[in-house]
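Participant: Work out the full structure: start from the sequences and follow the hints.
Residue-level listing of the chains:
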Amino acid sequence: MNNIEKKWEQVSNEIQSNSISEKPFSGERKSQKLLISQMRKKIKLGMGWTVFFLLLLIALAFMHLGNPQILLIISIGVLLMGLNLLVSQIYYQKIKNQPRVATNSRSMLVDYYNWVVKILRLERIWSQFAIPGFLVLSLIYTQLKTHGSFDQFVFDSRMIIMAGLLMGLVVPLVILWVNWSQKYAFKTDLLDLKAAIDELESDENSLE
Amino acid sequence: MKEKSREEFLECIKENTGIIHKVTEIYADTREDREDLYQEILYQSWKSYPSFRQESKFSTWLYRISLNTALVFRRKDTGLPHSQLIESVYNHPDHSYNYSQSVNELITAMKTLSKVDRMIITLYLEGYTYQEIGNMAGISKENTGVKIFRIKNQLSKILK
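From first to last, the protein sequence lines are chains X and S. Convert by adding 4 to the 1-based position in the first sequence; the result is the number in our numbering. Convert by adding 123 to the 1-based position in the second sequence; the result is the number in our numbering.
It should be emphasised that the hints constitute simulated quantities derived from the structure, not laboratory data.
Cross-link-like lysine-lysine pairs, in silico, BS3-like; alpha carbons within 30 angstroms at most: (1) K238(S) - K45(X); (2) K37(X) - K191(X); (3) K122(X) - K238(S).
Sample of chain S residues at the chain X side, in silico, Cβ under 10 angstroms: (4) H144; (5) I149; (6) Q167; (7) S189; (8) N191; (9) L194; (10) F196; (11) S223; (12) E228; (13) N258; (14) N266; (15) K275.
We put the beta carbon where it would ideally sit given N, CA and C, even for glycine.
Facilitator: And the structure:
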């Protein structure tokens, strides 16, 4: 038995008598210090923003109950938001409230990493399609508000330039902002998970 | 029925509480974190208890739960780098643990390892085979052997 093993025997003997005070176990606890709980909270916060914009659109729809054409445009927006929320919710549900701690460590870490990465990728892809879509919807909405119906739309050069500028400047900026906010919120957590996974896998490939 | 299962669970935990104490000591740096991790492990074990099928020993199952929970546990941000935090905790006059110098040395040395390495060496020191450690970590028996060799060398250097 070498030095480390001898010391470990001592650890086992001494740790019992010096252990922390044990609080009574209630069987209930809100996990707050687990990496995955914190990531889950951030994802939920992101979904909260989608709900906020969805509610804004619904409120806007109530203001135009008398105009079916505007209602149609708003409904398309609600549908886009709702679809995003639904798919995010499906992925979100896959991330259980607690880690799958009864499985092996590598599977647990890989599953969590993949689930979070999938949700974030979904958000990015959705934003690339939805943001230009919302821009077009906003322009149609503005036209409808100004002119009353589709028949009286005026596609003058000013509007086309405005649409082009918004598409060329605002849309990329919003998409960049989505990417940046994801990095800001999740980079450290994902790097931690990835580092642990890489460490477990590091020698595995060279041994095969 | 649930009450009976709860009693059974608490009885098993009582018999194996040393496992949780060892894991919290190795993974958490401050008293607050240790207490939080202890409660977290207890909670995660209770939540997973219905899936415990007696195929393995309760202690092995509890090690798996405890170490996996510790792997994804985030310590409270004190603003101090990990190495400085360990030093400050162990040198603090209020440090309430009364470990012998040799135990303190080993725990401090283990805390310098990565979370994954701490898991592997803990299981090794507890007498699990390479195959069992590999199963718990999700890596091959050969890789486990390589890692243990490296970690032991690393620890020996620190403890010299």
